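Colleague: This is what each chain is made of:
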Amino acid sequence: MKRLFKSLRSRIIFFLIVFSIVPCIVLHTGLVATFESHLVNQRLIEINQRCHVVAQELGKNEKVSDSLTTSYASVLNWYSEAYGGRILIIDQNYKVVLDTFNVDLGRECISDAVFKAFEGQEYQNYDRTTEYLEFVVPVRSQIPASSEQRISAVLILSSTTDWIMESFRGTQRIILLLELVILGIILFFALYVSYMLMQPVNAFREQLSDFGEGHRDSVPAVEGVYSELNSITDSLRMTIQRYQDIDRSQEEFVSNASHELRTPMTSIRVLSDSLIGQENIPEETYQEFLKDISVEIDREARIIEDLLQMTKMGKASDTLNIQMTDMNEFVIDLLKSIRPIAASQNVELIYESFRQVNAEVDSTKLNQAFSNLVENAVKYNKDGGYVKVSLDADHEYFYLMVADNGIGIPEEALPHIFDRFYRVDKARSRDTGGTGLGLSITRGLIQQHHGIIKVESEVNKGTTFTVRVPLKYERNEEGSV
Amino acid sequence: MRMKRRFCPFCLAVLCLLFVFPSCASSKNSQEFYLYFKDISRDSLKQVPAEIGADMDQASLISSVFYSLKSSAADSFGCTSPIPPDLKLLSFVLEKNDLILDFSQQYPKAPSKEELLLRASLVLTYMQLDDISTVEIRIEGQPLTAEDGTVTGPQNAQAFSDVIGRGINGFSSSDVTLYFADESGTHLKAVQETITYPGTISLQQALVNRLIQGPKSSDEGCYPVLPANTKLISVSAKDGICHVNLNSELLNESVGVSPQVEIYALVNTLTETRNVSSVMISVNGSSNLVFADMIDFSSALSRDLDLLENHPEKTE
Numbered sequence: 001m002k003r004l005f006k007s008l009r010s011r012i013i014f015f016l017i018v019f020s021i022v023p024c025i026v027l028h029t030g031l032v033a034t035f036e037s038h039l040v041n042q043r044l045i046e047i048n049q050r051c052h053v054v055a056q057e058l059g060k061n062e063k064v065s066d067s068l069t070t071s072y073a074s075v076l077n078w079y080s081e082a083y084g085g086r087i088l089i090i091d092q093n094y095k096v097v098l099d100t101f102n103v104d105l106g107r108e109c110i111s112d113a114v115f116k117a118f119e120g121q122e123y124q125n126y127d128r129t130t131e132y133l134e135f136v137v138p139v140r141s142q143i144p145a146s147s148e149q150r151i152s153a154v155l156i157l158s159s160t161t162d163w164i165m166e167s168f169r170g171t172q173r174i175i176l177l178l179e180l181v182i183l184g185i186i187l188f189f190a191l192y193v194s195y196m197l198m199q200p201v202n203a204f205r206e207q208l209s210d211f212g213e214g215h216r217d218s219v220p221a222v223e224g225v226y227s228e229l230n231s232i233t234d235s236l237r238m239t240i241q242r243y244q245d246i247d248r249s250q251e252e253f254v255s256n257a258s259h260e261l262r263t264p265m266t267s268i269r270v271l272s273d274s275l276i277g278q279e280n281i282p283e284e285t286y287q288e289f290l291k292d293i294s295v296e297i298d299r300e301a302r303i304i305e306d307l308l309q310m311t312k313m314g315k316a317s318d319t320l321n322i323q324m325t326d327m328n329e330f331v332i333d334l335l336k337s338i339r340p341i342a343a344s345q346n347v348e349l350i351y352e353s354f355r356q357v358n359a360e361v362d363s364t365k366l367n368q369a370f371s372n373l374v375e376n377a378v379k380y381n382k383d384g385g386y387v388k389v390s391l392d393a394d395h396e397y398f399y400l401m402v403a404d405n406g407i408g409i410p411e412e413a414l415p416h417i418f419d420r421f422y423r424v425d426k427a428r429s430r431d432t433g434g435t436g437l438g439l440s441i442t443r444g445l446i447q448q449h450h451g452i453i454k455v456e457s458e459v460n461k462g463t464t465f466t467v468r469v470p471l472k473y474e475r476n477e478e479g480s481v
Numbered sequence: 001m002r003m004k005r006r007f008c009p010f011c012l013a014v015l016c017l018l019f020v021f022p023s024c025a026s027s028k029n030s031q032e033f034y035l036y037f038k039d040i041s042r043d044s045l046k047q048v049p050a051e052i053g054a055d056m057d058q059a060s061l062i063s064s065v066f067y068s069l070k071s072s073a074a075d076s077f078g079c080t081s082p083i084p085p086d087l088k089l090l091s092f093v094l095e096k097n098d099l100i101l102d103f104s105q106q107y108p109k110a111p112s113k114e115e116l117l118l119r120a121s122l123v124l125t126y127m128q129l130d131d132i133s134t135v136e137i138r139i140e141g142q143p144l145t146a147e148d149g150t151v152t153g154p155q156n157a158q159a160f161s162d163v164i165g166r167g168i169n170g171f172s173s174s175d176v177t178l179y180f181a182d183e184s185g186t187h188l189k190a191v192q193e194t195i196t197y198p199g200t201i202s203l204q205q206a207l208v209n210r211l212i213q214g215p216k217s218s219d220e221g222c223y224p225v226l227p228a229n230t231k232l233i234s235v236s237a238k239d240g241i242c243h244v245n246l247n248s249e250l251l252n253e254s255v256g257v258s259p260q261v262e263i264y265a266l267v268n269t270l271t272e273t274r275n276v277s278s279v280m281i282s283v284n285g286s287s288n289l290v291f292a293d294m295i296d297f298s299s300a301l302s303r304d305l306d307l308l309e310n311h312p313e314k315t316e
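Protein sequences, first through last, are from chains V and A. For reference, each letter of the first sequence is one residue, going 1 to 481 in my numbering. For reference, each letter of the second sequence is one residue, going 1 to 316 in my numbering.
Worth flagging that the hints you see were computed from the coordinates, not collected in a lab. All values reported here derive from a predicted model rather than from experimental measurement. No residue lacks a Cβ here, since even glycine has one placed at the ideal position from N, Cα and C. Warning: the hint list may mix true and false statements.
Across the chosen pairs, the derived CB separations fall in these ranges [stated by the list, open to error]:
1. V:Asp66 x A:Ser71: 42 to 48 Å
2. V:Asn61 x A:Asp239: 24 to 30 Å
3. V:His52 x A:Ile241: 29 to 35 Å
4. V:Arg169 x A:Ser277: 49 to 55 Å
5. A:Phe171 x V:Ser74: 26 to 32 Å
6. V:Ile143 x A:Ser286: 32 to 38 Å
7. A:Ser286 x V:Ser20: 29 to 35 Å
8. A:Asp57 x V:Ser74: 16 to 22 Å
9. A:Ser234 x V:His52: 52 to 58 Å
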């Protein structure tokens, strides 16, 4: 049953029905409620008037029995039949002087309402259970030789209202029947309309299911019926595109990686083949070739190392060891280890710090990232050049800049430098032992800290890398794609 | 039996004790007896059950009743005494089943509701005793006279119209004879019953409805005469003829009795009432039909006792 209600179509049907039936019921209840009271009230007013007219007539004589001529008594009999009830007249001795039922004539009447009527209090009541209207009206007559009136009798009249209830019930029956008919029509209508509305959604669903199972290759689309569906289709397309792109880039990566890995192997092959193929090779030549093979093996190892790191960074299991770190000390340590290399290349290392900076970072990883940047700055520099590292911060981020006045990066290459295996000058970087993965690893590490890295460069003028990292590390739950 | 007694106040206490209000316990020789008190919440009378011992002599009984009515023990029932506190019962005489109560001057003036309630309470209460068939009130030996000179003589319970009813019309009750069908469906069976019906409907209407309702389980050997869904549209009595208008359900032959039994059950029952000697039946207002090709409705029908079974049974 729950499953049924989860369906959109069921809900549409349900609400269509409810919102058609509810007004019906409201109307019905309202009608029915006012119907009965309206009719009863009308009757009440009419009979009330009648009672007062009769009371006046009876009050014309001092003694009510004088007013009750045979002709008037038969008029009253007629009224009682017409109203489907009973008329009683009680005189001042509490005796019944008229009874259209002929049952209590001559008896003394003991009734609370009658006593009250003799004190001037009128009474009218609608008794729903017995279906009768009851009226008790005092009869006032003139006291002879005076302008005052006294109550000489009490008139009791009852009238049936069962006809009201009958017609009321009859009407109710008709209304119920109509409601049932409406319900039937609504049901039919609801089923049809909900089906029509759901058609595009069902078509889309089918297409999507086909696509999901691989029966079709193109992204499902439902032509412009519902804007909601259209936007779903667009988002779906973008998502699929994104995954396809990722797929493609992974394919590219694998092919690039295998190419890179093959290169050192080829050199080793060549070197070892030439050793195997020749006879009587002098020992110096062996030594030389073996040294070269060793270098190639190291290169291969580095490539594999970097590859592994790249894949590790992509996994969600790669966690950062975040500690509060004094960034100034961090940079100083970092530069300490690079100083020898810089010195050997005759490149000057400058450190500029603007303020005390403490940040939540994984110092090992950031070390790797920044070392890479500084090493590159030293590597791709000219003789006598400099590398300036500056550290600054505001209340949210810290900024690390690595600027050099080296050979620079050409404009067309700038967008690609962070791509895997991208090298501006293949020859040069091979000599310096680059793997082509350095900057992409750096960027990855910085992104893990939710930071960003930017580059500006001009050929033969120099390059500046700017890194911005949040001071506080925010842990989020999702893995990144 | 002629008894005259001067009333001694100091016998009072003793006699009061003999007349107790019942608690939950049942009494061995109790008959149904009610004291009529004045209802506190409105100006009418209220019945309060009481027990009388069967071994009391008449005079003591009459005194006890009076003093019980005067007591305030009924307050817990939502009642108060209809007897003014300063009123004295000077004496009473039981003369050939006529009880005469002689009161002091403090008796309320007639006509007034206090007087009426007091008198009705006394009459209705005393009428329940076996030996009493009327009750008369006198004031210091003089008959009770109203303001306009009318004298109130001996009265029985029938002198008052519905005393315990609710609303203004309350209930009426009558002893009537009902005619139902016997087992064969070809003869009528008479049953005596006391029916109670709202004061807003006439006796004839109550009778027709009662016949439609059918015999009670206590009516042995009686079977319904009219279809259960028959509805009485109207009934009126004039000049001895009772006009009964029923709905068309009457024409359904679902009852399983002969047409004569069906119709004459109705006719016989109604003609038993005062003022009705014949009955005119119509269906949905029209009398122009012959019921089951046997009984012509266009003329008034008188009662037919030939259809009766041999012995009418007494129930109640």
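Colleague: Hint by hint, note whether the structure agrees.
Modeller: So, going through the hints one by one against the coordinates:
Checked against the given bound of 42 to 48 Å, the beta carbons of Asp66 (chain V) and Ser71 (chain A), roughly 44 Å apart, stay inside it. Checked against the hint of 24 to 30 Å, the pair Asn61 (chain V) and Asp239 (chain A) passes, with Cβ atoms roughly 28 Å apart. Evaluation of the 29 to 35 Å hint for His52 (chain V) and Ile241 (chain A) yields a pass: the beta carbon distance comes to about 33 Å. Remark: the range hint 49 to 55 Å for Arg169 (chain V) to Ser277 (chain A) is contradicted by a beta-carbon distance near 37 Å.
Checked against the hint of 26 to 32 Å, the pair Phe171 (chain A) and Ser74 (chain V) passes, with Cβ atoms roughly 27 Å apart. In this structure, Ile143 (chain V) and Ser286 (chain A) break the distance hint of 32 to 38 Å, their C-beta atoms being roughly 53 Å apart. A hinted range of 29 to 35 Å is violated for the C-beta pair Ser286 (chain A) and Ser20 (chain V), which are about 44 Å apart. Remark: the range hint 16 to 22 Å for Asp57 (chain A) to Ser74 (chain V) is contradicted by a beta-carbon distance near 54 Å.
Checking the proposed 52 to 58 Å range against Ser234 (chain A) and His52 (chain V) shows it is violated: the Cβ atoms sit about 26 Å from each other.
Hint violations for this structure: numbers 4, 6, 7, 8 and 9, all remaining hints satisfied.
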